[in-house]
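Chains A and B, in that order, give the protein sequences. Its first residue numbered 1, the first sequence is counted upward by one per residue in the numbering used here. Its first residue numbered 1001, the second sequence is counted upward by one per residue in the numbering used here.
Do not rely on the hints blindly, as some may be mistaken.
Said to hold, decoys possible - PhoX-like cross-link-like pairs, simulated, lysine-lysine; straight-line CA separation at most 25 Å:
hint : chain 1 : residue 1 : chain 2 : residue 2
1    : A       : Lys-399   : A       : Lys-442
2    : A       : Lys-599   : A       : Lys-386
3    : A       : Lys-599   : A       : Lys-575
4    : B       : Lys-1191  : A       : Lys-276
5    : B       : Lys-1225  : A       : Lys-353
6    : A       : Lys-441   : A       : Lys-407
7    : A       : Lys-136   : A       : Lys-263
8    : B       : Lys-1239  : B       : Lys-1225
9    : A       : Lys-386   : A       : Lys-399
10   : B       : Lys-1191  : A       : Lys-218
11   : A       : Lys-353   : B       : Lys-1223
12   : A       : Lys-218   : B       : Lys-1198
13   : A       : Lys-407   : A       : Lys-386
14   : A       : Lys-386   : A       : Lys-575
15   : B       : Lys-1199  : A       : Lys-218
16   : A       : Lys-407   : A       : Lys-353
17   : A       : Lys-282   : B       : Lys-1191
18   : B       : Lys-1199  : B       : Lys-1002
19   : A       : Lys-399   : A       : Lys-599
20   : A       : Lys-386   : A       : Lys-353
21   : B       : Lys-1197  : A       : Lys-218
22   : B       : Lys-1223  : A       : Lys-407
23   : B       : Lys-1197  : B       : Lys-1002
Bear in mind the hints are in silico, worked out from the structure with no lab data behind them.
Each chain, written out:
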Amino acid sequence: METLILWVLVLVFGGLFAWQVAVRVRLIRRAPGQLGVADPGMAVGRLLREVVFQSKVIAERPLVGLAHALVFWGFVAFAGYTSAEFLAGLGIVDLTGTAAFCFYSLALVPFALAVLAGITALLVRRVVFRPEALGKLSGESVVIGLFIATLMVTFLLDFRLAEESVAGRVNWWVHALVILVFLVLIPGSKHFHLLLSPITIALESPVLGQVRNLDFEKEEIGYETVAHLERKAVLDAFTCVECGRCQMNCPAYRTGKALNPKKLILDNEEALLAGKLDAPLKDIYDENVLWQCTTCGACEAQCPVGIEHLPLIINARRGLVSNGEAPDALGAMYNNLERRGNIWGLSQDQRQKFVAASGLETFDASRHEYLMWLGCAGSYDADFQKSLRSLFDLLRRLKVTFGVLEKERCTGDPAKRTGNEYVYQELANANIEEFRAAGVKKILTSCPHCVKTLGPDYRLLGFEAEVVHSSVLLSRLLPDRLPASDTVVLHDPCYLARYAGHVDEPRDLLRRVGATVREPERNRRNPFCCGAGGGLLFEEREEGQRISQTRFEQLQATGAPTIVTACPFCSIMLKGAQASSNATTQVVDITSYVEGRLKGTS
Amino acid sequence: MKIAVCLKQVPARDTQPRVNESKTWLREQDATFELNEPDAYALEEGFQLRERHGGEVVVCSAGPARVAQALREALARGADRAIHVEDDSLASADAFAVADALAAAIEGERFDLVLTGLQSDDQGFAQTGVVLAERLGIPHATIIMEVAVQGDRVRVKRELEGGWFQWVEMPLPALLTIQSGINQLRYATLKGIIAAKKKEIRKVTPAAVASRQRIVRLRAPEKTKQTQIIPGPAADAAKELVRRLRDEARAIE
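Can you make the complete structure from the sequences, with help from the hints?
Below is the structure:
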């Protein structure tokens, strides 16, 4: 009789589960684009680190992460137990009487205690402390938390109760029913991540902020409606675990702007399930929030379940830009890029003057090791040119050979990040053609945005070169080691630290010239953005507090008299914040600082 | 409202100019070409008038085959169709010949308004629009800063010298030459570029092109540098310096 009832329940609840999963699988399958593992070795590594060892979960929130890890490891440990019990209950095969099962059950006791401890901690956090990251209290999550606790309690009680007693059977059925109801709740809740997150993590791009190029032949123009979301974006929407790590690391959200990366993902989920496939994305989320993203990449880098926010935001921007709906400031910048090939719309003559005044040679592959790429800031920003002059002096002293192109146009970074794919590809392809004609193999630049664009982005267009940031090259070559006699704080540029992973080189370089490096909050691989990226350099108005001001205050709080950074755009933003707050803390580019130290102390 | 915008394709600004064999023009094979900047503002003004009053914007250009590129760009930005008066000799023709060719091509269309840029960035005659208006037999105004169409009349703001402006009114149809910088240019969108592929460029062959002007010789201006030392006591020298800066170099007013 019990067997029959269990069969009916398993079929009903299993059916409800399968039906909900099928709805979501259909939505993924009908979406455009392909799912694929780009780098199997890396995917396996990620699965080990991020799923098995819960690295991202623990790294950001150690105690809470550990509580989650205990619950997760317990779940995995219990998989065999639950399967064996159901197989026995359904009368298929009964392994529960074997000595091995007995031993396995006993071995599960510490796991059960660990899960109980973990889930209690998580429930207390969710219900009592209610952190901002989790948003409104979710009743469903509380119910599921209590379910998990019940499962563990009933498992432990099972050791104390005779199997055939009434109490024993009731206990067994409570355990079984909780599992079945839990199963039905999984697909519709954040707990779908139990099943999806390993898949999403395996499918995540190996490169942060990798956004597929549009294929103009296929008349692709980016995301205009919900139906345009690609398969990975749809999978992301169903995987989101709503932990809010993206939200709490987002510089826009943290300075009081409307953008919340978590909300974008959940809005997608809601729209997909509501069948609003033809709804324009700008109606799903306020289009203004799309222009508040600095593309710093914190959301994507911190996400523990492999969600890619940047392709979503950039593709949604593309949909707007393709219809002429970019903000005015960007429209002007696009015209500058189209007509003059640089973000400020200045004439090549000005770059030429700097090249001549600095005594730079035209790149010749037979004589020069590096192509020195000046970038828009290096070509036109007088302040940053001082830093480049320092670099040229250092390179000459270190006997590094380098030359520049006769003419340069922007790498296309601001066009790429803001969704003007047409201008990006025009600029990028023209640059690649010149690199090939000149036989360029190694590129040196002081701009982290150029590092990202000339490197990983141009690779997608078939151009491969070694792209080095000047601070990295100097850290390799500079032999000097001065005694410590100055204190600075380093602001890690997002595109150097988070995107390219260079966090030790600039610190090492600073130490070599006798600087003690202080660390601000939000540093190394997870810096807080200066506010310039993603085309926001050109935005005049800013909702909430200025991102640059917030960052400047974080850096100032270290008490270091000097802020060192390694990106022309970080310099512009932080110097702006410094000027408007009348602070005595000075902001200096790393190359200028290094050369100044060498000159001042030698 | 039926609006024609006449465009010219000119050597791109960052081209390093080299004079041709006969020293009468640039070596075209070295140059890259772009849409003449003042014409881009005329085009944008056309779009804005279309947004306010409806109708269509037709772009016209007289020149060799390469000019189709500039027309395609204008179509991508939102022009409805294009007319290409194609002839190799138009590349170096004078304003009179170009205006003649354009007039013959657009006369039959009876445009309400014809717009051109104030002048071209290469030759800078600022004559094509004016001659074209004469050829079409319609009134014109030059150096336009603002355009207001009211019924069958148009009221325009002209730029004069020394910060002065002038308002002029005339009946439609009319021709206006547009000053650079009067509006915010729009950028080319992917939607526009895709749509432009399907838009029509009508080719017109002009009657014999007969220029009346001839470029005799083209040369790059020579850079010279002169240092003058003004002797005497500092106070007097300073006075003399100011006088020369004002009266001779005209660097200050």
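Structure-based check of all given hints:
no., hint, verdict
1, A:Lys-399 <-> A:Lys-442, "holds (16 Å)"
2, A:Lys-599 <-> A:Lys-386, "holds (15 Å)"
3, A:Lys-599 <-> A:Lys-575, "holds (23 Å)"
4, B:Lys-1191 <-> A:Lys-276, "holds (23 Å)"
5, B:Lys-1225 <-> A:Lys-353, "holds (17 Å)"
6, A:Lys-441 <-> A:Lys-407, "holds (18 Å)"
7, A:Lys-136 <-> A:Lys-263, "holds (12 Å)"
8, B:Lys-1239 <-> B:Lys-1225, "holds (22 Å)"
9, A:Lys-386 <-> A:Lys-399, "holds (20 Å)"
10, B:Lys-1191 <-> A:Lys-218, "holds (12 Å)"
11, A:Lys-353 <-> B:Lys-1223, "holds (15 Å)"
12, A:Lys-218 <-> B:Lys-1198, "holds (15 Å)"
13, A:Lys-407 <-> A:Lys-386, "holds (20 Å)"
14, A:Lys-386 <-> A:Lys-575, "holds (15 Å)"
15, B:Lys-1199 <-> A:Lys-218, "holds (18 Å)"
16, A:Lys-407 <-> A:Lys-353, "holds (12 Å)"
17, A:Lys-282 <-> B:Lys-1191, "holds (17 Å)"
18, B:Lys-1199 <-> B:Lys-1002, "holds (17 Å)"
19, A:Lys-399 <-> A:Lys-599, "holds (18 Å)"
20, A:Lys-386 <-> A:Lys-353, "holds (14 Å)"
21, B:Lys-1197 <-> A:Lys-218, "holds (13 Å)"
22, B:Lys-1223 <-> A:Lys-407, "holds (22 Å)"
23, B:Lys-1197 <-> B:Lys-1002, "holds (22 Å)"
The structure is consistent with each of the numbered hints, conforming to all of them.
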